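Student: Whole structure, please, built from the sequences with the hints as guidance.
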Amino acid sequence: MKALITGATGFVGQYLASYLINNGYEVWGTTRINSREINDIQAMEIVSVDFDDIAGTIEVLDKIQPDQIFHLAGQSSVRDSWTNKMETFQSNVNLTIQLLEAVMQSVVKEKVSILTIGSSEEYGGFDTSGTPISEETLLKPTSPYGISKATVGMLVRHYFTAYNLKIIHARPFNHIGPGQRLGFVVADFSNQIVEIERGHQENIISVGNLSAKRDFTDVRDIVRAYHLLLNQKENFAWGESVNVCSGIATSIQNILDSLLSLSHSSIDVVVDSEKLRPVDIPLFTGDNSKLKSLTGWHPAIGLTQTLNDVLKILRDQS
1 MKALITGATG FVGQYLASYL INNGYEVWGT TRINSREIND IQAMEIVSVD
51 FDDIAGTIEV LDKIQPDQIF HLAGQSSVRD SWTNKMETFQ SNVNLTIQLL
101 EAVMQSVVKE KVSILTIGSS EEYGGFDTSG TPISEETLLK PTSPYGISKA
151 TVGMLVRHYF TAYNLKIIHA RPFNHIGPGQ RLGFVVADFS NQIVEIERGH
201 QENIISVGNL SAKRDFTDVR DIVRAYHLLL NQKENFAWGE SVNVCSGIAT
251 SIQNILDSLL SLSHSSIDVV VDSEKLRPVD IPLFTGDNSK LKSLTGWHPA
301 IGLTQTLNDV LKILRDQS
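Under full-length UniProt numbering, the letters of the sequence shown match residues 1 to 318, in that order.
Bear in mind the hints are in silico, worked out from the structure with no lab data behind them. Only a predicted model underlies this, so the values are computations on that prediction, with no experimental measurement involved. Just so it is clear, CB atoms sit at the ideal spot from N, CA and C, and this is done for glycine as well. Mixed in with the good hints there might be a few duds.
Said to hold, decoys possible - Straight-line C-alpha distance at most 25 Å; calculated SDA-like pairs for lysine to any residue:
1. K213 x D80
2. K166 x G239
3. K312 x K166
4. K2 x E234
As the list claims (entries may be wrong) - Distance ranges between label pairs, derived from CB positions:
5. G183 x K63: 31 to 39 Å
6. L138 x K109: 31 to 39 Å
7. W82 x S293: 32 to 40 Å
Tutor: Written out as structure tokens, the structure is:
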């Protein structure tokens, strides 16, 4: 089995590549940079692709002839989308269209199955009743990032219904894990804690909104779900969207308290108004029943283990 992963050298991409390789896949990853130095996974082949060049993308697809494409490439920061709207839509929407158009003109059109990656941000302004968000919930994205991902989900339905392309759209909720870059809540908190432990930062941690509740899932469970979605034995949901989430809401305050309990340093907490989002939804809890029904997936890694692993990898860095 051959898999092509766009954005393969990113946080989720590297976990997915390792998972697929360990499951017997031949894995190719795309990058705009023609360098093998960015590839930390030696068994993954890296190929330079510019999706703006449809002819060049078709050539790559015809050469590799992947059985599956996991389209992870894109702008992944909600916060950055507020100040970089055009870049967000170019990365998340336009490049997706160009990839799918290349697939339509390649030799793999009839056999390849494709997974695109959306976000819980597509649901946007959801009420605070506590009802888990299902795939049938009306999309009301409130961030430029969420709007861009909702557009990708609509494109997935279009390419399936119009061209019978075997494609499915995953809507992951908050995913966390070792190696996540700064700009995401667990990575930011953990980095500050480790810097304090090293004596490189005053014993004060700067935070944004702590009351918001989010549905957190370990990245290693996320990539397992992605794999299962393209390997369903029955009940294929081509053209549809599927939530990938734990189904449990955890407050940012609880995340912070848990991380602080894993540190031996005494740390004070202060709120930084610059870290508050222009729009911040108080509650996001996902309904993962569709994913479970389609694949039998269940999260296997608990929150405490994830946070321990995040701190460990940061502490081990010189």
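Student: Could you run down the list of hints and mark each one as holding or not?
Tutor: These are the hints, each one checked on the structure:
1. K213 x D80: holds, 21 Å
2. K166 x G239: With Cα atoms ~7 Å apart, K166 and G239 stay inside 25 Å; holds.
3. K312 x K166: Violated, at about 40 Å.
4. K2 x E234: holds, 21 Å
5. G183 x K63: 31 to 39 Å: Since the Cβ atoms of G183 and K63 sit about 35 Å apart, the hinted range of 31 to 39 Å holds.
6. L138 x K109: 31 to 39 Å: holds, 33 Å
7. W82 x S293: 32 to 40 Å: For S293 against W82, whose Cβ atoms are near 36 Å apart, the range 32 to 40 Å holds.
Going down the numbered hints, you'll see the structure goes against just number 3.
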